[in-house]
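Protein chains: 6
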Amino acid sequence: MPFHLSADQSACPRVLVINPNSTVAFTEAMMSALRATDVQLDFYTAPTDTAPASIEGTYDSVVSAAACLKELRTEVGKWDGFVVACFSAHPLTNALRELTSAPVMSILEAPLLYASTLGSRVGILTTSPRWEPLLNHDVASLHLTGQNAAGVVSSGLKVLDLESLPREQVMRRLCDKAREELQDRRQADVIVLGCAGMVGLDTAIREACRPGMVVLDPVRCALEMCVSLIRIGGKTSKIGIYATA
Amino acid sequence: MPFHLSADQSACPRVLVINPNSTVAFTEAMMSALRATDVQLDFYTAPTDTAPASIEGTYDSVVSAAACLKELRTEVGKWDGFVVACFSAHPLTNALRELTSAPVMSILEAPLLYASTLGSRVGILTTSPRWEPLLNHDVASLHLTGQNAAGVVSSGLKVLDLESLPREQVMRRLCDKAREELQDRRQADVIVLGCAGMVGLDTAIREACRPGMVVLDPVRCALEMCVSLIRIGGKTSKIGIYATA
Amino acid sequence: MPFHLSADQSACPRVLVINPNSTVAFTEAMMSALRATDVQLDFYTAPTDTAPASIEGTYDSVVSAAACLKELRTEVGKWDGFVVACFSAHPLTNALRELTSAPVMSILEAPLLYASTLGSRVGILTTSPRWEPLLNHDVASLHLTGQNAAGVVSSGLKVLDLESLPREQVMRRLCDKAREELQDRRQADVIVLGCAGMVGLDTAIREACRPGMVVLDPVRCALEMCVSLIRIGGKTSKIGIYATA
Amino acid sequence: MPFHLSADQSACPRVLVINPNSTVAFTEAMMSALRATDVQLDFYTAPTDTAPASIEGTYDSVVSAAACLKELRTEVGKWDGFVVACFSAHPLTNALRELTSAPVMSILEAPLLYASTLGSRVGILTTSPRWEPLLNHDVASLHLTGQNAAGVVSSGLKVLDLESLPREQVMRRLCDKAREELQDRRQADVIVLGCAGMVGLDTAIREACRPGMVVLDPVRCALEMCVSLIRIGGKTSKIGIYATA
Amino acid sequence: MPFHLSADQSACPRVLVINPNSTVAFTEAMMSALRATDVQLDFYTAPTDTAPASIEGTYDSVVSAAACLKELRTEVGKWDGFVVACFSAHPLTNALRELTSAPVMSILEAPLLYASTLGSRVGILTTSPRWEPLLNHDVASLHLTGQNAAGVVSSGLKVLDLESLPREQVMRRLCDKAREELQDRRQADVIVLGCAGMVGLDTAIREACRPGMVVLDPVRCALEMCVSLIRIGGKTSKIGIYATA
Amino acid sequence: MPFHLSADQSACPRVLVINPNSTVAFTEAMMSALRATDVQLDFYTAPTDTAPASIEGTYDSVVSAAACLKELRTEVGKWDGFVVACFSAHPLTNALRELTSAPVMSILEAPLLYASTLGSRVGILTTSPRWEPLLNHDVASLHLTGQNAAGVVSSGLKVLDLESLPREQVMRRLCDKAREELQDRRQADVIVLGCAGMVGLDTAIREACRPGMVVLDPVRCALEMCVSLIRIGGKTSKIGIYATA
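Protein chains in written order, with the working numbering: chain A, -6 to 238; chain B, -6 to 238; chain C, -6 to 238; chain D, -6 to 238; chain E, -6 to 238; chain F, -6 to 238.
Incorrect hints may have been included.
[As the list claims (entries may be wrong)] Interface residues of chain B toward chain D, partial, derived using beta-carbon atoms under 7 Å:
1) 58
2) 126
3) 180
[Stated by the list, open to error] Subject to a maximum C-alpha distance of 20 Å in a straight line, what follows is the list of computed SDA-like cross-link-like pairs (lysine to any residue):
4) 231(E) - 109(D)
5) 231(E) - 168(D)
6) 231(A) - 147(B)
7) 71(C) - 35(C)
8) 231(D) - 172(E)
9) 231(D) - 231(E)
10) 231(D) - 123(B)
11) 231(F) - 179(C)
12) 231(D) - 176(E)
13) 231(D) - 147(B)
14) 231(B) - 64(A)
15) 231(D) - 174(E)
16) 63(B) - 21(D)
17) 231(B) - 179(A)
18) 231(B) - 158(A)
19) 63(C) - 64(A)
20) 231(B) - 196(A)
21) 231(A) - 203(B)
22) 231(D) - 168(E)
23) 63(F) - 45(E)
24) 231(C) - 176(F)
25) 231(B) - 197(A)
FYI, nobody ran anything at the bench for these hints, they're computed from the structure. No residue lacks a Cβ here, since even glycine has one placed at the ideal position from N, Cα and C.
Chain A on its own, in the form it takes in the complex (with noise of 0.2 Å):
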């Protein structure tokens, strides 16, 4: 059973976190680490049998996109705002808008947009080393390269480490990275956590660099924007690319 449905039966608005991999134990950490006012907040998470267990590629990425779509396609008008949980440009974030009206963030998108208003100089902290040619890449298609961008950086660990090590080996790994790399060497002034398995540990990491580096955890980026965006009565135009197939 792919939903975890909120219990709140109030009026507030709705909004689905979706994780499109199979991996319950990401979606959980979302759902311990997320706190919304005001709203009801249902998570699911993508199939077993046809959803990879972590994201690593195009061919995960358009897989994990089809297995999520087969089952959410007819239930979308059940929420007024998506959270797509997968830092890349996963296609599950567009074809979900062609679907709906309701407004649909992605964890890549959000807090990029975010940090061009607190900082010049984002950097992203991300998994594998696979990560940082597809980052690169997503990041450049979606225009959001800045003028002084300070890159894609490694953390050397992969996305099932961030659940299966041990969390002071997790921590000191993300910490010296951000620091070290993306702070000290590609001097960044803003560092954006580049995987949904990374959510919640984005105070421990600023507080290993510098005082007053920011650093955004994409899930909360992605479902803050969400909300404020339903708040405003935002919708997905529905004229250009997102129009109604």
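Put chains B, C, D, E and F on the given structure of chain A with help from the hints.
Below, chains B, C, D, E and F alone, put in the same frame as chain A:
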């Protein structure tokens, strides 16, 4: 007395909405139109003796920014967030970012950032023809020109016309320009209202367009984006260009 | 049976042309139109039960890509090159590049790359108006927008109209749009036919334009570029974004 | 008395060099270093009570611009050209362009424009590390970032150090940074001195570099470019962004 | 005898204005129109046997550049600066920069650089329609395309028409195109005359436009920018792309 | 006698490979290395009296282009396609495109276009350090700089060293630079050999790199891309910048 302080004395976050021109009617229009849950909203109007009645170019921007900074500089610690309510690359925005670590949101940036997630061809409806080249310049200097920007269209109305002309005449002009110039001729799928004085006009203009068009009120966008950043603990970075001098 | 395998059993290279929608008529049109010396040409049509009859947006792209990948994943070792016959940034292209080191050519990229050596102002003639914003988006995301791109022009015909309407009516519409919109109004000097369903129509459209106009059939371009890469031993790199996950 | 007026009463053109900070020593350094044939050179220093002693960010820029504009606004008709002697996208430049049709030259723009005709990889040598991100931002906002810009390098000296530290120590530091960081590590072929306070230091720094290196003094560049525009009757356009409001 | 040497034998700087086509009438028009204080102006016309009478494309550019280089190569030490009087990215410019450390100014670059400080939307008025795509290409290859370039407009006159047709007819055509196409339709605020053969026509064309329009004569711009560089000791860098081979 | 004409008198297409320098050894190296099925390959070497022995900058490019054009101008009708075998934005390429409607392929463009479909971070291995800035400039002027270009790396070998030094020494140097600088330090996933004189060295260099690296021989790429265009009837457009003057 330039500040309109909220009577609310609760512990919820406080946001200051800054009108950098000296026309109180614009501030009052924003006071009427804005609602924000769980936020104490204060308003500020630039002083009549040093700031212009409306901002019509770079000279006005510089002078009004300095006038505001003189009064605000020692007060910035009182708020958790700021909205700069001039639809331009007004220099007050970056100057405030230097003075505080609270988020500072410009009504130019916020709607364009939201728009980038809602559509693919964003157009701006502004006031007098003079603002067409100025806004093209400002949008480009902020690197917010999308690949497929629909551009800036003047309504032919001056800023002060928005308050002084009959409402019906104002609305007909704005609706016609939005539909004919931005929607039909330039194929915008998102329209951003390009003046603080257009606060609250979004619904009427959207209704004049094709179903599925998105129309964004820049003041509400900036307030909501500012509040959402406060909710996630977002701060202005103190390491790069916004470091305190 | 989705594969049309060449009877040729010689040792020459084998290329698979993939129609990612389920309309066999499009595959057959390509089979009739394509000739390649010293190459064994096989064809594949996406399955009717899971893939759409034509691809009209991102949702269709994702679903059709996943449908093809399910059948092709374990078979990719059989071919020396692949052509993805959907005129878009179809996600199947990059997903296949992850699965194989054989060259994979998209019918969007190949004609635009050739065109950059043949002229200086390239225009695209597509099908329904819906594809104008989608192709503008896709071309930009691939960084194939030239400094002087003439843009994307819709013929007003739907993809399936290309097969179902009388040939004469189809040709008149395409020729008129190419000449009036792309050649005369937008001053294109190269016209790329923007749909796999237009395979073989290049000569007639060129004859409707000024002498010296170049009109490129995207399917033939992609096939020939793929074959030429095979001839020089060109491989998909396994180090960067296309590394096998 | 902020103006140092030339004693020359001939009919030759008059140019005002504006030091927008209040440190007279910088103005005097420019008075000593600048020579211009057939031009009456006047100098202006910003008022000590309202302008900062040196400009260290956006707040200082805005405040100093407003302080200058208050004194200059009604006087601009007296000069045939203006030089704004702050190496940044100082808002005084565009504000003056609105107030006059005489050419207004910024000491940031002029050397970068000249440099684009003299070499292919331009580097900037600035003062404190704080100016590295600020100048990267300003150069980008002016669209003066070349394809192969060598970037901005801080000498580690504060603006006021240029006047207060022993000359030998200042020169050694500047020469070392120019040679080691800009020439050797970043392969600049043109070096622009990035502070008005470096006026007259170009020869010594060039001699510390490889033969054939070009080092540009930004104040002399701006003055000469301004004078050259006066010679050809060049005016600030009154139609676009610099139209008088 | 291709050189017209100034009779002036004083010690002031010598500049060579190079007409890379073989039509002496164009050289003579420049001789009549140009004045430069304190500079010895020499002129050179490309040889009639090897260079074309006018430059109408890339072939002509290459052949004329080689013809000039053959005669100029061993002579370049005689001048302190050079103007290449063909309004294009003529290869003679960069070839000369390799041969000398004196500044070499192209009549394409100089007015566009000046224009970037005088307005925000620069348009080019050229001769025959053939030059529209060529100049779009050249301007883009020099990275001189502004964010808001008004583009290139052909007057429909051939280069040689400028000399052979009645002056009144030439002027009416140029004035109409400048006003109707560049000023009114494309909203240029600076117009650059796009042919050496238009030397001296700037005043008449400006008078045909709205008050406040700026019209730049490219030959005078290039000469004055060259002279101004000589005044500040500006040299072509010998380290990067212009290093002597 | 500058032409080496194929003995093949069949009806298959004829392609002329142009070596625009006068060193016959380079032409002979290409004759040995190139194979093309069903194509008659002819070769041309620039004349020793007017063209340089190797091309080391813009002056050499212009002079060699003119030397070739003088001999080729009246002969271009004899071939169905052309390869310009100088790894630069050699002006002969565009000049020939004006003279013929046959496809003209540059050995700079062809491998970069192919590479864009094979990987995401393309690096160029060139000869002497002088070519680093020149190629950065040329690649930028052709708008072939990808978002994630790995840049240009000099091997420290001069063009003529490739022929005169012991093969083993040449190969060791090239392999080391490819692996250490382009693969390891700059993370290229495709390496383009940046000199016609490196024809045939691709396999050895690829074997010195990580498995999965792609190394492209520019001469073979250009020949194959040219032949592939001939196969699909691709022509140089005669409407835009390549229109016959």
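Against the structure, the hints come out as follows:
1. 58: Since the shortest Cβ distance to chain D is 5 Å, the answer is holds.
2. 126: holds (4 Å)
3. 180: Violated, about 25 Å.
4. 231(E) - 109(D): holds (14 Å)
5. 231(E) - 168(D): This hinted pair holds, its Cα atoms lying about 19 Å apart.
6. 231(A) - 147(B): Given that 20 Å is the threshold and the Cα spacing comes to 24 Å, the pair is violated.
7. 71(C) - 35(C): holds (10 Å)
8. 231(D) - 172(E): Roughly 15 Å between the alpha carbons, so the hint for residue 231(D) and residue 172(E) holds.
9. 231(D) - 231(E): Not OK: residue 231(D) and residue 231(E) at ~40 Å, beyond 20 Å, violated.
10. 231(D) - 123(B): holds (11 Å)
11. 231(F) - 179(C): Roughly 16 Å separates the two Cα atoms, so the pair holds.
12. 231(D) - 176(E): The hint holds at about 12 Å.
13. 231(D) - 147(B): Cα-Cα ~18 Å, so holds.
14. 231(B) - 64(A): violated (45 Å)
15. 231(D) - 174(E): holds (18 Å)
16. 63(B) - 21(D): violated (29 Å)
17. 231(B) - 179(A): Holds, at roughly 16 Å.
18. 231(B) - 158(A): Answer violated: residue 231(B) to residue 158(A) is near 33 Å, above 20 Å.
19. 63(C) - 64(A): holds (18 Å)
20. 231(B) - 196(A): This hinted pair holds, its Cα atoms lying about 16 Å apart.
21. 231(A) - 203(B): holds (9 Å)
22. 231(D) - 168(E): Distance ~19 Å between residue 231(D) and residue 168(E) Cα, so the pair holds.
23. 63(F) - 45(E): Cα-Cα ~13 Å, so holds.
24. 231(C) - 176(F): Holds. Residue 231(C) to residue 176(F) sits at ~12 Å (cutoff 20 Å).
25. 231(B) - 197(A): holds (18 Å)
Hint compliance for this structure: hints 3, 6, 9, 14, 16 and 18 are broken, all remaining hints hold.
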